[in-house]
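J.: One-letter residues, chain by chain:
2 protein chains.
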Amino acid sequence: MALSDLAPADLTAFADAQRAAYAELKAQGLKLDLTRGKPSPEQLDLSEALLTLPTGHVAADGTDVRNYGGLAGLPEMRQIFADLLGIPAANVVAAGSSSLTLMHDTLVQALLYGRPGSVEPWGVEDVVRFLCPTPGYDRHFALADRLGIELVPVPIDADGPDVEVVAELVAGDPTIKGMWLVPTYSNPTGAVCSEEVARALASMPTAAPDFTILWDNAYAVHHLTETEVRTPDIVTLCAEAGNPDRVVVFASTSKITFAGAGVAALAGSEATVAAYLKGLGFYSIGPDKVNQLRHVEFFGDAAGVRAHMAKHRELIAPKFAEVQRVLAERLAEHGIAEWTDPVGGYFVNLDVLDGTARRVVELAKEAGIALTPAGSAFPYGEDPRNRNIRLAPTLPPLAEVTAAMEAVATCVLLAAAEELGG
Amino acid sequence: MALSDLAPADLTAFADAQRAAYAELKAQGLKLDLTRGKPSPEQLDLSEALLTLPTGHVAADGTDVRNYGGLAGLPEMRQIFADLLGIPAANVVAAGSSSLTLMHDTLVQALLYGRPGSVEPWGVEDVVRFLCPTPGYDRHFALADRLGIELVPVPIDADGPDVEVVAELVAGDPTIKGMWLVPTYSNPTGAVCSEEVARALASMPTAAPDFTILWDNAYAVHHLTETEVRTPDIVTLCAEAGNPDRVVVFASTSKITFAGAGVAALAGSEATVAAYLKGLGFYSIGPDKVNQLRHVEFFGDAAGVRAHMAKHRELIAPKFAEVQRVLAERLAEHGIAEWTDPVGGYFVNLDVLDGTARRVVELAKEAGIALTPAGSAFPYGEDPRNRNIRLAPTLPPLAEVTAAMEAVATCVLLAAAEELGG
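Quick note, the sequences are listed as chains D and Y, same order.
To convert, note that position 387 of the first sequence is 387 in the numbering used here; the numbers rise steadily by one, no gaps.
Offset between the second sequence (1-based) and the numbering used here: plus 422.
Rather than coming from a laboratory, the hints here were simulated on the basis of the structure.
Hints are supplied without guarantee of correctness; some may be wrong.
Unchecked claim - Think about it this way: if two alpha-carbon atoms lie no more than 20 angstroms apart in a straight line, the pair counts; the simulated SDA-like pairs of lysine to any residue are:
1) Y/Lys700 x D/Lys31
2) D/Lys311 x D/Ala49
3) D/Lys278 x Y/Ala564
4) Y/Lys700 x D/Tyr380
5) Y/Lys700 x D/Ala142
6) D/Lys278 x Y/Phe436
7) D/Lys278 x Y/Asp567
8) D/Lys311 x D/Gly300
9) Y/Lys700 x D/Arg146
10) D/Lys31 x Y/Gly484
11) Y/Lys733 x Y/Glu464
12) Y/Lys700 x D/Gly148
13) Y/Lys700 x D/Arg139
14) Y/Lys453 x D/Thr63
15) Y/Lys733 x Y/Leu473
16) D/Lys31 x Y/Thr485
17) Y/Lys787 x Y/Ala739
18) Y/Lys700 x Y/Gly491
19) Y/Lys733 x Y/Leu468
20) Y/Lys700 x D/Val108
21) D/Lys278 x Y/Val530
22) D/Lys278 x D/Tyr113
23) Y/Lys453 x D/Gly62
24) Y/Lys733 x Y/Ala564
25) D/Lys278 x Y/Lys733
26) D/Lys278 x Y/Arg568
27) Y/Lys733 x Y/Ala471
28) D/Lys278 x Y/Gly803
Required output: the full structure, derived from the provided sequences and hints.
T.: In structure tokens, the structure reads:
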């Protein structure tokens with residue numbers, strides 16, 4: 001029976017039972033962590049061979065990868081990203097280890113110099129605003145906010161951002177210069193942007209001539225089932241719609257090989273790539289090509305990346321299944337929470353009883369379970385319904401995922417009972 | 423006899439001889455390159471062992487270097503830079519592969535948010551100007567120019583920038599927000615900033631409260647003789663002078679291990695490091711710690727770096743000696759050129775007859791010898807006397823250095839003879 005349907009006495013009894021469970025939980029002195037989307041050591045072990053690569057120091061075109069140069073990255077590394085993203089290699093740059101840094105650089109360039117199609121640099125505008133499909137990635141929001149960009153939340157559905165809302169906003173407001181988007185297995189909801197949504201985003205009229213989608217395809221190949229969804233080719237869709245420079249695509253091997261020592265990529269139209277490289281040339285003499293050759297030798301090609309991702313899936317799919325099992329067994333019957341069952345990516349999105357998310361995180365913390373701060377998936381950390389919690393089950397061992405999720409369930413139930421007056 | 427003292431007929435004969443020599447040179451169809459300060463393949467070979475390192479993936483403090491995190495870099499890597507630079511490890515950040523990128527990031531942060539001690543972000547000022555010891559590093563100048571910073575040339579002597587000129591400018595002009603400086607074996611003159619000059623720079627009154635020296639110690643350990651000069655500890659000098667936040671120090675292993683795949687460092691006061699890391703935290707989840715551990719294992723400690731640099735010296739000192747030999751034998755007697763004889767770094771600064779530098783580079787190019795564009799060591803590429811040429815002899819094999827320098831000498835003599843009317 002739903003918790004809200006319980007008679008007062010039953011609710012009180014239920015609350016008391018949860019308090020007892022919570023006291024027991026605290027007594028265990030747990031120290032568990034579901035905060036961040038980090039790969040587990042076992043996942044990192046899958047790439048241990050990288051540590052003794054590359055076997056040589058010469059790229060396919062004869063480049064000595066140890067020396068300066070090659071601003072756009074090794075051709076064979078660009079080709080692997082191109083094949084994975086479905087974008088021609090000429091439109092792909094292989095860079096350093098962090099795609100987040102590429103996003104920062106893209107925004108800084110836009111603020112200082114504008115983007116292809118800009119009338120003037122974004123930084124001279126009084127107000128620059130970005131649409132933020134919400135819940136979304138806290139680092140995206142914080143990065144834009146840090147750069148003085150105002151954050152405008154828009155809803156996200158299972159097939160991507162709500163294009164009706166988005167289209168209406170961008171059509172009428174020239175201060176809306178762009179939007180964030182994680183098209184594949186979105187952080188944190190697991191949404192996958194459909195071809196239809198992508199086409200609408202690529203073609204919708206925008207008041208700002210330089211409206212830019214930062215298409216962070218961080219989880220392009222991070223499938224949790226054997227069904228490998230294919231992200232829409234947004235670069236081609238934008239070009240076909242007559243808006244070739246509307247999108248900048250990002251990706252990386254951070255959650256494919258080593259989280260801190262992978263290779264990141266940027267892609268887009270010819271003008272987007274040229275503008276990026278022009279700016280980059282002032283502050284870089286080329287990326288770490290040794291690390292790129294290391295990855296090229298390790299993978300061979302894009303098929304090698306896909307085969308490698310299947311090994312990741314074997315390690316993490318059971319953890320996601322365990323999250324589903326505990327949530328279903330402990331919470332489903334009480335009607336006080338909803339959650340996603342993603343088929344890829346790194347997160348489960350948990351919506352608890354309105355008004356209780358912060359309390360759940362607080363209860364969990366006191367019991368030794370670290371959760372991402374409530375509201376962090378929202379612009380400025382403000383969850384208007386105070387209900388959203390992001391769960392990241394990849395890092396802990398399976399047994400700890402079980403223990404942590406049992407603890408989370410207890411906290412969710414206790415907070416709900418409290419909220420309902422039990 | 424000096425060329426300018428020759429009788430007209432003798433000058434004509436001399437010019438004819440040079441034209442003949444130049445025609446012979448062109449007929450050789452050479453293809454040589456003295457443009458950039460790149461290490462040779464033999465120098466890169468010294469670090470080949472890096473390709474199979476690290477042997478493990480755990481840092482001294484237990485950190486799994488493969489995963490995210492550790493924004494300030496591995497403690498043991500910071501310690502090596504600290505020992506090399508004479509700066510406490512707590513004041514040193516170990517970063518990605520490019521110090522040029524760190525300089526860019528530092529300037530972007532200053533423009534957007536100001537530096538410690540700033541009243542407001544540099545970017546809101548109408549004019550921001552930087553002093554540029556000249557001749558200097560073209561990439562420094564281009565980077566600042568790209569960011570809208572005006573370049574103000576100041577003279578550089580053998581012991582560093584002309585502090586009298588610098589002190590007068592900074593005392594009276596609050597738009598002068600900073601200066602570039604390569605303190606050790608300056609690019610391209612080989613100047614070494616003395617303790618006295620460093621102390622004056624650290625203590626001079628400045629109209630701008632946030633005046634900032636970008637202290638690019640790119641060649642801190644790049645000695646060409648057994649005398650290893652010790653760069654002044656500018657961080658301590660600034661602190662002692664009551665201007666702790668005046669300097670940001672940069673260094674890297676780019677010309678120690680692999681030019682494109684080394685480790686860069688940033689250092690400064692506690693406030694400087696804290697401000698940098700605060701900004702960095704918005705766009706990075708930590709540097710490539712695998713590459714840092716790779717370097718730590720390879721070097722062991724700072725003494726290991728110094729021992730490694732002695733091997734570089736063995737490879738490149740003969741090339742620098744050859745440059746000196748050819749210049750002395752071919753040019754000295756004619757009184758139309760001066761050049762430096764550096765005891766470290768990567769360059770020889772050649773001043774040819776006033777008004778002939780561009781012609782020399784043009785002649786060399788037509789004969790198949792690539793030289794850095796004339797004037798590139800000056801702000802905006804403008805050498806008022808059109809006499810300065812930067813020579814970079816590290817990359818080519820010794821025999822090619824000889825051939826290239828013989829060719830350069832011929833071009834210098836021909837251009838001088840032309841200029842004098844021969």
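J.: Please go over all the hints and tell whether each is borne out by the structure.
T.: Results of checking the hints against the structure:
Annotation: proposed proximity of lysine 700 of chain Y to lysine 31 of chain D is violated, straight-line Cα distance about 28 angstroms (limit 20 angstroms). For the hint linking lysine 311 of chain D to alanine 49 of chain D, the alpha-carbon distance of about 14 angstroms falls within 20 angstroms, and the restraint holds. Proposed proximity of lysine 278 of chain D and alanine 564 of chain Y is supported: the alpha carbons are some 12 angstroms apart, at most 20 angstroms. At roughly 17 angstroms between alpha-carbon atoms, lysine 700 of chain Y and tyrosine 380 of chain D fall within 20 angstroms of each other, so this suggested pair holds.
For the given pair, lysine 700 of chain Y sits about 12 angstroms from alanine 142 of chain D by alpha-carbon distance, which is consistent with the 20 angstroms threshold. With a C-alpha separation of about 45 angstroms, the suggested pair lysine 278 of chain D and phenylalanine 436 of chain Y falls outside the 20 angstroms cut-off, and the hint is violated. Annotation: proposed proximity of lysine 278 of chain D to aspartate 567 of chain Y holds, straight-line Cα distance about 14 angstroms (limit 20 angstroms). The suggested pairing of lysine 311 of chain D with glycine 300 of chain D holds, with an alpha-carbon distance near 16 angstroms, which does not exceed 20 angstroms.
With a CA separation close to 11 angstroms, the supplied pair lysine 700 of chain Y and arginine 146 of chain D stays within the 20 angstroms bound. Annotation: proposed proximity of lysine 31 of chain D to glycine 484 of chain Y holds, straight-line Cα distance about 18 angstroms (limit 20 angstroms). Taken as a hint, the lysine 733 of chain Y and glutamate 464 of chain Y pair is honoured in the structure, with Cα atoms around 10 angstroms apart against an allowance of 20 angstroms. Distance hint between lysine 700 of chain Y and glycine 148 of chain D is fulfilled; the C-alpha atoms sit about 16 angstroms from each other, no more than 20 angstroms.
Taking the CA atoms of lysine 700 of chain Y and arginine 139 of chain D, the gap is about 14 angstroms. The hint holds against a cut of 20 angstroms. At roughly 18 angstroms between alpha-carbon atoms, lysine 453 of chain Y and threonine 63 of chain D fall within 20 angstroms of each other, so this suggested pair holds. Restraint check for lysine 733 of chain Y and leucine 473 of chain Y: the C-alpha separation of about 18 angstroms stays at or below 20 angstroms, so the hint holds. Between lysine 31 of chain D and threonine 485 of chain Y, the direct Cα distance comes to roughly 18 angstroms. Compliance with the 20 angstroms bound is thereby established for this hinted pair.
Restraint check for lysine 787 of chain Y and alanine 739 of chain Y: not satisfied, since their Cα atoms lie roughly 26 angstroms apart, outside the 20 angstroms limit. At roughly 14 angstroms between alpha-carbon atoms, lysine 700 of chain Y and glycine 491 of chain Y fall within 20 angstroms of each other, so this suggested pair holds. Note on lysine 733 of chain Y and leucine 468 of chain Y: the hinted pairing holds, with a Cα-Cα distance of about 8 angstroms set against a maximum of 20 angstroms. Taken as a hint, the lysine 700 of chain Y and valine 108 of chain D pair is honoured in the structure, with Cα atoms around 16 angstroms apart against an allowance of 20 angstroms.
Between lysine 278 of chain D and valine 530 of chain Y the CA atoms are separated by roughly 16 angstroms; this keeps the pair inside 20 angstroms, and the hint holds. With a C-alpha separation of about 11 angstroms, the suggested pairing of lysine 278 of chain D with tyrosine 113 of chain D holds against the 20 angstroms cut-off. A threshold of 20 angstroms between alpha carbons decides the hint, and for lysine 453 of chain Y with glycine 62 of chain D the separation of about 18 angstroms falls inside it, so the pair holds. Proximity of lysine 733 of chain Y to alanine 564 of chain Y is assessed by CA-CA distance (about 32 angstroms); at most 20 angstroms being required, the pair is judged violated.
For the hint linking lysine 278 of chain D to lysine 733 of chain Y, the alpha-carbon distance of about 36 angstroms lies beyond 20 angstroms, and the restraint is violated. In summary, the hint linking lysine 278 of chain D to arginine 568 of chain Y is supported, as the alpha carbons are separated by about 11 angstroms, within the 20 angstroms threshold. Simply put, lysine 733 of chain Y and alanine 471 of chain Y have alpha-carbon atoms about 14 angstroms apart, close enough for the 20 angstroms limit, and the pair holds. For a cut-off of 20 angstroms, the pair hint linking lysine 278 of chain D to glycine 803 of chain Y stands: about 18 angstroms separates their Cα positions.
Consistency with the previously given hints fails for numbers 1, 6, 17, 24 and 25, ordered from lowest to highest.
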